[in-house]
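J.: Residue strings, one per chain:
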Amino acid sequence: MTSEDSFRERLETELAALRAPAIGGIAGEALAHGRRIRRRERVVGVVGGVAAVAGVTAGAVALGGGFGSGGAGTAASGGGLGPGIGPGVAMETTTRAPVATPTPTSGTSRTSPTSSPTSALSSPGSPPSQVLSESTQSSPNTVIGTVPASWKPPVPVSPADPTAADGPSVAELVIEALQRFGPGTGSSFSGSSISGVNANATLTWTTQHGAIRISASVSDGALDGKTPQSQCMPAFEEDYCAAATLSDGSVVMVQHGIGYPSGTSAPTHNNMVSITRPDHAAINVVEWSDGPLTDDQLYQIVSDPHWGLRMAGSFVGHADAVVRPFTDDGAGG
Amino acid sequence: MDQAIREQEFTEFAMARAEKLRRTAFLLCGDWHRAQDLTQIGLAKAYAAWHRIHGDGAVEAYVRQIIVREFLSQQRRRSWHEQPSDALPEQALDGGQERAELRLSLLAALARLAPKRRAVVVLRYWEDRSVEETASVLRMSRSAVKSASLRALADLRVLLDEDLRV
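So the protein sequences, as listed, match chains A and B. The first sequence runs 1 to 333 under the numbering used here. The second sequence runs 1001 to 1166 under the numbering used here.
Okay, chain A solo, but in the shape it has when bound:
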């Protein structure tokens, strides 16, 4: 018996000792799902051209609104880029998912990227996330987009008095970035950290338009293999994906789809942008709603040069003092 055989046998033995639930009618369920995929593929092939046009239109509409800047654009536009970034730039760089026209045969009620910002922004104090019903979880209708050429790689700064990043410092860095888009306040902080491995935070960001929930993390990407995922892998739970390797080797990924906010198992639609830099720092930011932040704004957050598993000691100390109360949810790593 080879050592590989021994390993497999040991796993077999352990698996056999587990009480696995009945597999049930998985073949029939998969068949039904597969039929829906085929139907949608046929429909998407027909409406693809229309969707592309809609995507261009969405970019143009972005000129009209602004998250945190008094605008009232639609979520399809994603809002403007906020103070300090002109509308001309918004025209070139605003990226939202092309509109994926729901098929009449799908029978689902997936939230479209065209939902209005008022649906994405809840009133302060109410749950800001868009929680989906089980019936809307599986959408094979992934649209593959492109990362804008205007997204430049960050140039990380070397922190003074480098100190291990923690949850509050992650939250503070996100808040500083959000404040560049417009005024607002952070609250309901939670997160955790493992020194040198991971630091993450989730917070509620409230503006005059309402509140959104946002998560961010920085981790050591080298712990998850040497080659970061640099291509989209369309999955059921994604309705939009774009990926690119930037000029310095950083890998950027944009994903819109279903995820699970900290502390809940409720599937929630969200928009995520992540970057894995050549120094292996992997930064993720997730908006737990479909807008109003644009992908450009999410990229501005993850490309902040101050991200790192070690940050300036004065910044970490300040964050620990002002990001209060902060709930350690014990989910580090």
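Check before you lean on any hint, since a few could be wrong.
EDC-like, lysine to aspartate or glutamate: derived pairs with alpha carbons at most 20 Å apart [what the hints assert, rightly or not]:
1. K1146/B - D328/A
2. K1020/B - D320/A
3. K1020/B - D1155/B
4. K1020/B - E29/A
5. K1020/B - D328/A
6. K1020/B - D1031/B
Residues on chain B that point at chain A, a partial pick, calculated with CB under 10 Å [what the hints assert, rightly or not]:
7. F1026
8. L1043
9. Y1047
Think of the hints as simulated: they come from the structure by calculation, not from any bench. A virtual CB, placed ideally from N, CA and C, is assigned to each residue, including glycine.
Please build the complex by placing chain B on the supplied structure of chain A, with the hints as guidance.
T.: Coordinates of chain B only, in the frame set by chain A:
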């Protein structure tokens, strides 16, 4: 291809292979319900692509690839609220607590590996895939797969506090 034939072929394949695929998914995610979802996603996509994959014996490899990539994709979204745990992944059958602890130790150690390293171990040593196949599924270089394998086994040795013979 006639739809009835396609569905018959697919159903036969799914009924024959679903349990094995689900166990692979379980080794990746450590949760039977999530493993069931991953398996169903893989099978459903295989059905949609049946006309391209059914003739060359590659269906199982295709489904396995979907499962692994879907698992890693989900991990990216879940990373901030997942943590390594010493908790055993499932209850054991009757047979004595001491015996169950002995049996579950490798699974518990596997669950503590980083997702991609776990996927490398599962593909290389559970699915018996070659370095090349594993590299293709995970979109890694061959050297990265070899490196990840060595590191994962070293991690497992430390976690199990024993000389793991692989």
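J.: Hint check: is the beta carbon of F1026/B less than 10 Å from a beta carbon of chain A?
T.: With Cβ-Cβ at 7 Å, under 10 Å, it holds.
J.: With the threshold set at 20 Å, check whether the alpha-carbon distance from K1020/B to D1155/B stays at or below it.
T.: violated (26 Å)
J.: For the pair we were handed, K1020/B and E29/A, check the Cα-Cα distance against 20 Å.
T.: holds (17 Å)
J.: Within 20 Å, alpha carbon to alpha carbon, are K1020/B and D328/A?
T.: Judged against 20 Å, a Cα distance of about 39 Å means the pair is violated.
J.: Does the nearest C-beta of chain A fall within a distance shorter than 10 Å of the C-beta of Y1047/B?
T.: This interface hint holds because 3 Å falls under the 10 Å limit.
J.: Is it true that the CA of K1146/B sits at most 20 Å from the CA of D328/A?
T.: The given pair, whose Cα atoms are some 37 Å apart, is violated under the 20 Å limit.
J.: Check whether the Cα positions of K1020/B and D1031/B lie no farther apart than 20 Å.
T.: Measuring from Cα to Cα gives roughly 15 Å; hence the hint holds.
J.: Given the hinted pair K1020/B and D320/A, is their alpha-carbon gap at most 20 Å?
T.: violated (48 Å)
J.: Tell me if the interface restraint on L1043/B is satisfied: Cβ within less than 10 Å of some Cβ in chain A.
T.: Holds - the Cβ of L1043/B comes within 10 Å of chain A, reaching about 3 Å at its closest.
Hint compliance for this structure: hints 1, 2, 3 and 5 are broken, all remaining hints hold.
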